[in-house]
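**Q** Spelled out, the chains give:
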Amino acid sequence: MGGTTAEAEQRSPEDEGKYVYCIIPLAKPREFGAIGIGAGQNRVYTVHHRDLAAVVSDTPIVIYEPARENVLAHEFVNETVMCEFTVIPMSFGTVFRSNEDVAELLRSTYQAFTDVLDKMKDKIEFGVKVLWDRERVVADVEQTDDEIRRLKDEIARNAQSSTYFARMQLGRLVEAALEGVSNRIVADVHETLKQVAVASRSNKPIGDRMILNAAFLVERDREQSFDAKVRELSRKYEGTLTFRYTGPWPPYNFVNIRLKLERAH
Amino acid sequence: MTVERSPGATSLIDVLDRVLDKGIVIDAWARVSLAAIDLVTVEARIVVASVGTELDYAKVGGVTAPEVGELRVPER
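Taken in order, these protein sequences are the chains called C and H.
FYI, in my numbering the residues of the first sequence are 33 to 297.
FYI, in my numbering the residues of the second sequence are 68 to 143.
Please keep in mind that the hints were generated in silico from the structure rather than gathered at the bench.
Derived DSS-like pairs (lysine-lysine); straight-line CA-CA distance at most 30 Å:
(1) H:126 with C:236
(2) C:268 with H:126
(3) C:60 with C:151
(4) C:226 with H:126
(5) C:153 with H:126
(6) C:151 with C:261
(7) C:60 with C:155
(8) C:155 with C:292
(9) H:126 with C:151
(10) C:292 with C:151
(11) C:226 with C:153
(12) C:155 with H:126
(13) H:126 with C:261
Over the 10 Å line for every Cβ pair with chain H, so calculated as not near, a few chain C residues:
(14) 70
(15) 72
(16) 117
(17) 179
(18) 208
(19) 272
Chain H side only, calculated, beta carbon under 7 Å to chain C, not exhaustive:
(20) 81
(21) 92
(22) 93
(23) 100
(24) 105
(25) 107
(26) 110
(27) 112
(28) 119
(29) 125
If you're wondering where the values come from, they're calculated on a predicted model, not measured in any experiment.
Ideal placement from N, C-alpha and C gives every residue a C-beta, glycine not left out.
Whole structure, please, built from the sequences with the hints as guidance.
**A** Here's what the structure looks like:
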C-alpha cells in the first residue's frame, strides 16, 4: 500500500468536507445557526480570505443528489445569509476537502468575486411568471378580431360546404392573434417592472399556459415599489392572467461565474 | 384577488431552476475531483474560467438573455 493511500485512509470519513453555499463580503467570522445541508444539524459558518467569506457547513465527502430536502436546505441557507449580506450564490452540490481548500478558492478568485459582489451590492432577485387562460383569450379574440369573427361565422353558416382550407385559415389567424396578445402583455409587464428594477432576464416559459418566465434584479430599498408594481399588474389583468411572484432570491439569474480546475505549474 | 409573493424556498421547481446551473458553477468533472484532492497540496488549483454579470434588461419578446455587460476574465 502506497504512502498516499495509507494517509488518505487515516482521515476520518466523517465530516471532513466543506459544503459551500455562497460568497459574501465579510472579514470577521460569523455563525448562521445549525441549518446546514445533510443529516444532523450542521452549523453554518464562514471561512475567510481578506474581506471575502465563503459560507460553509461540515459534511461527509459525498456527491449530493438534488433531492427536495437537499435543494431546499441549500436555498434556505442562502436566503438566511441574504437577509444581511449581498451574496453570490454557489450552484448546488459543491463540496471541498477542507477549510484550507475553501480559503484557496477565495484566494485564487479574489478579484473576480470582489468585482461581482460590488456589482450586486444591495441587489436582490425576484421571479415573475405569467400564465394565461388560453381558452379565454381565444374566446376573447374571436369576439374582438373582425376577420376572425367573419371567418368563424362563415364556417358556421356553411357547415356542409366550408372547406378544410377555411378552417386552416381560421386556425392560423387565431394563432397569430394569440401571439400578438401575448407579445403585448409581455411587453407591458416588462415595461412596467423595468421602472423599478435595475436588470431583467427572460427565461424559456415552461408549459402551455406560461407566457412569461422572468427574473428581475431590484435594489433592496426598492423592494416595496417592485411589490406595488407587480400587484398593479395583477389587478390590471385580473381574470385573464395568473401571476406567480417569488423572492427575494440571491441573484442567480444575474451572475454567471464558471470555475475550473487547472494543473498547477 | 391580488397576487401574493412566496418566499423562494417554498417552490421546488423555482429553486431547481436556479440552483442547478446558475450563480457560481463548477463543471461536473472538477466538482468530483474537488472532493478527491486537496487543493493546497496537490498539483492543481481552481481558477475562474469566465465571469459574466447580466446588468441589462431582457429583450422584450425574446427568450434569450442579453449578452450586454459580459466581462471575460482571461484564463490564468
